[in-house]
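Participant: Sequence:
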Amino acid sequence: MLNRIDVLRELEAERVRASEAHEHFAFMLVRVQRHREEHQLFGDFLSASARTRVRAALRPQDRILPVGDNVFALLLPNLRDSGHALLAANRLVRAFREPLLVGDRLQQAVPTIGIAMFPEHGDQSEALCRAAESAFAQALNSRDRYQLFQPESARTEPPYIDLREAIINNRLEVFLQPLWEVATGKVVGAESLARWHSDVHGAISPTDFVLLAEQTGLIESLTRWSVNTTMRYCAAARAAGHRLRFSINLSPRVFHEPGLVEQFQNALAIWEVPATDVVLEVTESAVMEDPSLSAIVLGQLRDHGFGISIDDFGIGYSSFAYLKRFPATELKIDQEFVHDIGIHARSARLVHSMIDLAHHLGLTAVAEGVEDDVTLARLRDMGCDVAQGFLFGRPQPAAKFIASLSA
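Per our numbering, residue 1 is the first one in the sequence shown, and the count goes up by one each step.
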């Protein structure tokens, strides 16, 4: 697979050739997306089959550059105009209407295509690459699954290639936010939060890059990075004499990945961290995308000793059937209910009921969004177990957080 520098080198060579010949060419970013239920099955075979299908839909002079998991950069030289590029994209989409033969089975797949034209969308390689990535982000939500770069509607999501390389080259960072035991006022854990400061884009919202990872299949790599890095800091805290529980946010999009539970166990073994020191957080609305699979995977993780936290409780399904089905060990009550319990009796009664519900089910009750002493006092009166919020500290770099424990 090629990295960004390799792609830019190939793109620059084509740009120079096209400039000298006074020609137009298209640069495309293509990802072949498996259906969700087939996600991560037969990955290497699918990549080979997808490339064969892409090759068959292109002209002999068109070039394919592999840049990621079923992601290809395409160079289509000597095109008359953008209309011809759109025709080529449409031909690619139609080529995938028939299922791919992957191993001994048929598998449906759908391409997503971002298109940039030289010189219309940039007369430099970097600008063209950015334009194709922006168009790719737009295409993710397009009915046609392909999109020509539109400068006036260019979105600000981080480009796929940048995110992929940030994960591979460990350019993301773990921040930790403390979890406080309400009864004692002691730090008993921390939530791990991924942060990314790009040299090009600056600080990027986790909401944006996690969404991009979920949409483009990078979520598996991002999760592996998050789990291993968090456990490394968990081990560092233990070595410093602090036994804390570290919470890791988990996207249900990774539940389809073969060997997921084994990956988590291997990370525990590498860093010599007991599973009981790790809590995996999932939102109730997200796991309902595939409740059967979620229940199976979470059950396996729970059987191996991991804690399971239902995050943002109260704003999703919040049904008794849901609580019965999933092997949770704690409920995190959403800050939407917590932040005004000191002034609104109805909010206070709701939070109190959620805490009682958690305790009746043998679960730890965690309140999010605690920002003042009045709220903390009310939670203490209600018997809440753990609290999290700016009152106790904002997220900070993991190394700084661990150092502060001994201060």
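Incorrect hints may appear among the rest.
[To be verified] Here are the simulated lysine to any residue pairs, SDA-like style, with alpha carbons at most 25 Å apart:
| id | residue 1 | residue 2 |
| --- | --- | --- |
| 1 | Lys-186 | Arg-325 |
| 2 | Lys-400 | Gly-83 |
| 3 | Lys-400 | Asp-290 |
| 4 | Lys-186 | Lys-324 |
| 5 | Lys-400 | Leu-79 |
| 6 | Lys-186 | Gly-383 |
| 7 | Lys-186 | Gln-335 |
| 8 | Lys-324 | Val-187 |
| 9 | Lys-400 | Arg-143 |
| 10 | Lys-324 | Ala-203 |
| 11 | Lys-324 | Val-374 |
| 12 | Lys-400 | Arg-80 |
| 13 | Lys-324 | Val-273 |
[Unchecked claim] Each pair of labels, with its calculated beta carbon distance range:
| id | residue 1 | residue 2 | range |
| --- | --- | --- | --- |
| 14 | Glu-336 | Arg-17 | 26 to 34 Å |
| 15 | Arg-394 | Gly-342 | 15 to 23 Å |
| 16 | Arg-380 | Ser-198 | 20 to 28 Å |
| 17 | Pro-206 | Glu-23 | 29 to 37 Å |
| 18 | Gly-202 | Pro-119 | 40 to 48 Å |
| 19 | Ile-343 | Glu-272 | 23 to 31 Å |
| 20 | Met-288 | Asn-90 | 31 to 39 Å |
| 21 | Asp-6 | Arg-80 | 39 to 47 Å |
| 22 | Leu-2 | His-344 | 25 to 33 Å |
| 23 | Met-288 | Val-374 | 17 to 25 Å |
| 24 | Arg-59 | Leu-293 | 21 to 29 Å |
| 25 | His-22 | Arg-63 | 41 to 49 Å |
| 26 | Asn-90 | Pro-397 | 16 to 24 Å |
| 27 | Thr-276 | Thr-52 | 28 to 36 Å |
Just so you know, these hints were derived from the structure itself, not from any lab.
Ideal placement from N, C-alpha and C gives every residue a C-beta, glycine not left out.
Participant: Against each hint, give a clear statement of whether it holds in the structure.
Facilitator: The hints, checked one at a time:
1. The hinted pair formed by Lys-186 and Arg-325 fails the criterion: a straight-line CA distance of about 32 Å is larger than 25 Å.
2. Restraint check: the Cα-Cα separation between Lys-400 and Gly-83 comes to about 54 Å, which exceeds 25 Å; the hinted pair is violated.
3. Between Lys-400 and Asp-290 the alpha-carbon distance is near 38 Å, which puts this suggested pair outside the 25 Å criterion.
4. At roughly 31 Å between alpha-carbon atoms, Lys-186 and Lys-324 are farther apart than 25 Å, so this suggested pair is violated.
5. Taking the CA atoms of Lys-400 and Leu-79, the gap is near 54 Å; set against the 25 Å cutoff, the hint is violated.
6. A distance of roughly 15 Å separates the Cα atoms of Lys-186 and Gly-383; the hinted pair therefore holds under the 25 Å criterion.
7. Note on Lys-186 and Gln-335: the hinted pairing holds, with a Cα-Cα distance of about 21 Å set against a maximum of 25 Å.
8. Under the criterion of a C-alpha separation no larger than 25 Å, the hint pairing Lys-324 with Val-187 is inconsistent with the structure, at around 30 Å.
9. This hinted pair does not check out: Lys-400 and Arg-143 have alpha carbons roughly 46 Å apart, beyond 25 Å.
10. Restraint check for Lys-324 and Ala-203: not satisfied, since their Cα atoms lie roughly 40 Å apart, outside the 25 Å limit.
11. Taking the CA atoms of Lys-324 and Val-374, the gap is near 33 Å; set against the 25 Å cutoff, the hint is violated.
12. Proximity of Lys-400 to Arg-80 is assessed by CA-CA distance (about 56 Å); at most 25 Å being required, the pair is judged violated.
13. At roughly 29 Å between alpha-carbon atoms, Lys-324 and Val-273 are farther apart than 25 Å, so this suggested pair is violated.
14. Roughly 56 Å separates the CB atoms of Glu-336 and Arg-17, a value that falls outside the hinted 26 to 34 Å.
15. In this structure the supplied range 15 to 23 Å holds for Arg-394 paired with Gly-342, their Cβ-Cβ distance being about 21 Å.
16. As the Cβ distance of Arg-380 to Ser-198 is approximately 41 Å, the hint placing it in 20 to 28 Å is violated.
17. In this structure the supplied range 29 to 37 Å is violated for Pro-206 paired with Glu-23, their Cβ-Cβ distance being about 42 Å.
18. The hinted window of 40 to 48 Å between Gly-202 and Pro-119 is violated, with their beta carbons roughly 28 Å apart.
19. For Ile-343 and Glu-272, the Cβ-Cβ distance of about 47 Å falls outside the hinted range of 23 to 31 Å, so the restraint is violated.
20. Checking the proposed 31 to 39 Å range against Met-288 and Asn-90 shows it holds: the Cβ atoms sit about 35 Å from each other.
21. Between Asp-6 and Arg-80 the beta carbon distance is about 28 Å. The supplied range of 39 to 47 Å is therefore violated.
22. About 56 Å separates the C-beta atoms of Leu-2 and His-344, a value inconsistent with the hinted range of 25 to 33 Å.
23. As the Cβ distance of Met-288 to Val-374 is approximately 34 Å, the hint placing it in 17 to 25 Å is violated.
24. Distance hint for Arg-59 and Leu-293: a CB-CB separation of about 41 Å, inconsistent with the stated range 21 to 29 Å.
25. Distance hint check: the CB atoms of His-22 and Arg-63 are about 20 Å apart, inconsistent with the given range 41 to 49 Å.
26. Evaluation of the 16 to 24 Å hint for Asn-90 and Pro-397 yields a failure: the beta carbon distance comes to about 47 Å.
27. Between Thr-276 and Thr-52 the C-beta distance comes to about 47 Å, which lies outside the given range of 28 to 36 Å.
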